[in-house]
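Visitor: Now for the letters of each chain:
Number of protein chains: 2
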Amino acid sequence: MKLVLIPCPISENTASDVLPADVSKYVLLCKHYLVENVRTARRFISELKLGINIEELTFEILDKDSTRSLISSFISKHKQEEYVGVLSEAGCPGIADPGALAVSIAQEMNMEVVPLVGPSSILLALMGSGFSGQNFTFHGYLPIDKDLKAKKINLLAREVEKTGFTHLFIETPFRNNAMLEDLINNSPANLLICIACDVTSPTGFIKTKSAHTWKSEMPDLHKRPCIFLLGQ
Amino acid sequence: MKLVLIPCPISENTASDVLPADVSKYVLLCKHYLVENVRTARRFISELKLGINIEELTFEILDKDSTRSLISSFISKHKQEEYVGVLSEAGCPGIADPGALAVSIAQEMNMEVVPLVGPSSILLALMGSGFSGQNFTFHGYLPIDKDLKAKKINLLAREVEKTGFTHLFIETPFRNNAMLEDLINNSPANLLICIACDVTSPTGFIKTKSAHTWKSEMPDLHKRPCIFLLGQ
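Chains A and B, in that order, give the protein sequences. Anchor point for the first sequence: position 221 equals 221 in the numbering used here, and the numbering is continuous, going up by one each time. Anchor point for the second sequence: position 205 equals 437 in the numbering used here, and the numbering is continuous, going up by one each time.
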């Protein structure tokens, strides 16, 4: 069996713009899927308009609560299949989402793993930031506690200056505006901050400005998917 | 002007499998390009078979020796154009290659930047490794000096255990076999090492095994593009 990691769009109605032909090719070959959300997965496959009968497919949930033993037994059960697909709610399976568990099991079982090209807001943000793509760290979420968060921002700002590394992180979308305020208030005025918001959507932007400049031009990021980057 | 970051394939003859429709759409709109290598860029655009007359395009070199002032004046000269393209030799402009300089200038001039989806061996390696995609660092190259390299490998191995971060790095392809030996000799036997070799090519593989297991199954990585990953 080959485990196929199938990316899906990160913005509505962009599948035909951002997904390469390999995605449709492998969706036509997969009959069994590990998915973060069954409804989203069915809709995604339908919208590719490949003439697939969704009722003939099987879906098993793979989310943050999935246990290793459950996913192991799903993979074992289907090991005679040629292909099994992994689908996230948005973007690339395994990148800042639960797909890695299935891949880890497949690697342990010495199965072939086939990651397909598709949209990753992290990668697109890094490309669009103008910051170093030679050295970078994705931190996931920063600490929620205000003091710990301020300390972490301070540390990252110093690291940018010292090492030239680019630092990327995300926030729960309803806290994005607060995150930007915290960022500005805890960074040197000349620190460059990039905000990548609604990436691949017509409403999206990727803008790099100093903390000082952002302060006078605060965008509304409330409930919009964003990546924050510090770099030089 | 919008600066369009145009990915190209990382393996031969894969353009139609790995590039989404947006790439062709924007290549049809760009008349002026910043490119890492003119010959590669011309060949890439020709191979898309879009009926473009290559002779009507202009190309300016953007490589590791390009100065900020040279790229600035190229961008200024073309600021009335609707689109200017950036093309690397392989993969995504700005990720482990010189494209970031152009993006940084465009950001400074407050121009819009449009990164397109395409193949990144770093991202595909991370997806395929089964390691954490919640927290990861790309280090570029490790130190060349044998002792410093050994120290760095030791440090990263301890970090994996302590923080769960995934660590990714590359090596000059003719030193890949030596890198794998150094990795195995300086890691705890149970440390998981992923090798992503010739990603997106039919000869490629992404395999995660313990240092101990790799030791008895050494692949030949000589002159093959590889990403090395440590993680859990």
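Check the hints yourself; a few may be wrong.
Lysine-lysine pairs mimicking BS3-like chemistry, simulated, CA-CA at most 25 Å apart [said to hold, decoys possible]: (1) B/K378 to B/K281; (2) B/K384 to B/K441; (3) B/K439 to A/K77; (4) B/K384 to B/K394; (5) A/K209 to B/K309; (6) B/K455 to B/K439; (7) A/K64 to A/K2; (8) B/K439 to A/K2; (9) B/K234 to B/K311; (10) A/K151 to A/K162; (11) B/K378 to A/K25; (12) A/K151 to B/K263; (13) A/K64 to B/K296; (14) B/K383 to A/K162; (15) B/K281 to A/K64; (16) A/K79 to B/K441; (17) B/K281 to B/K234; (18) A/K223 to A/K162; (19) B/K383 to B/K309; (20) B/K394 to A/K64; (21) B/K394 to A/K149.
Because the hints were derived from the structure by calculation, they are not lab data. Note that this is a predicted model, so its numbers are computed, not measured.
Visitor: All the hints need checking, so say for each whether the structure fits it.
Guide: Do the hints match the structure? See the list:
no. : hint             : in the structure
1   : B/K378 to B/K281 : violated, 47 Å
2   : B/K384 to B/K441 : holds, 20 Å
3   : B/K439 to A/K77  : holds, 22 Å
4   : B/K384 to B/K394 : holds, 15 Å
5   : A/K209 to B/K309 : holds, 23 Å
6   : B/K455 to B/K439 : holds, 18 Å
7   : A/K64 to A/K2    : holds, 22 Å
8   : B/K439 to A/K2   : holds, 13 Å
9   : B/K234 to B/K311 : holds, 8 Å
10  : A/K151 to A/K162 : holds, 16 Å
11  : B/K378 to A/K25  : violated, 45 Å
12  : A/K151 to B/K263 : violated, 47 Å
13  : A/K64 to B/K296  : violated, 42 Å
14  : B/K383 to A/K162 : holds, 20 Å
15  : B/K281 to A/K64  : violated, 44 Å
16  : A/K79 to B/K441  : holds, 20 Å
17  : B/K281 to B/K234 : holds, 24 Å
18  : A/K223 to A/K162 : violated, 33 Å
19  : B/K383 to B/K309 : violated, 47 Å
20  : B/K394 to A/K64  : holds, 21 Å
21  : B/K394 to A/K149 : holds, 20 Å
Of the hints listed earlier, those the structure fails to meet are numbers 1, 11, 12, 13, 15, 18, 19, in rising order.
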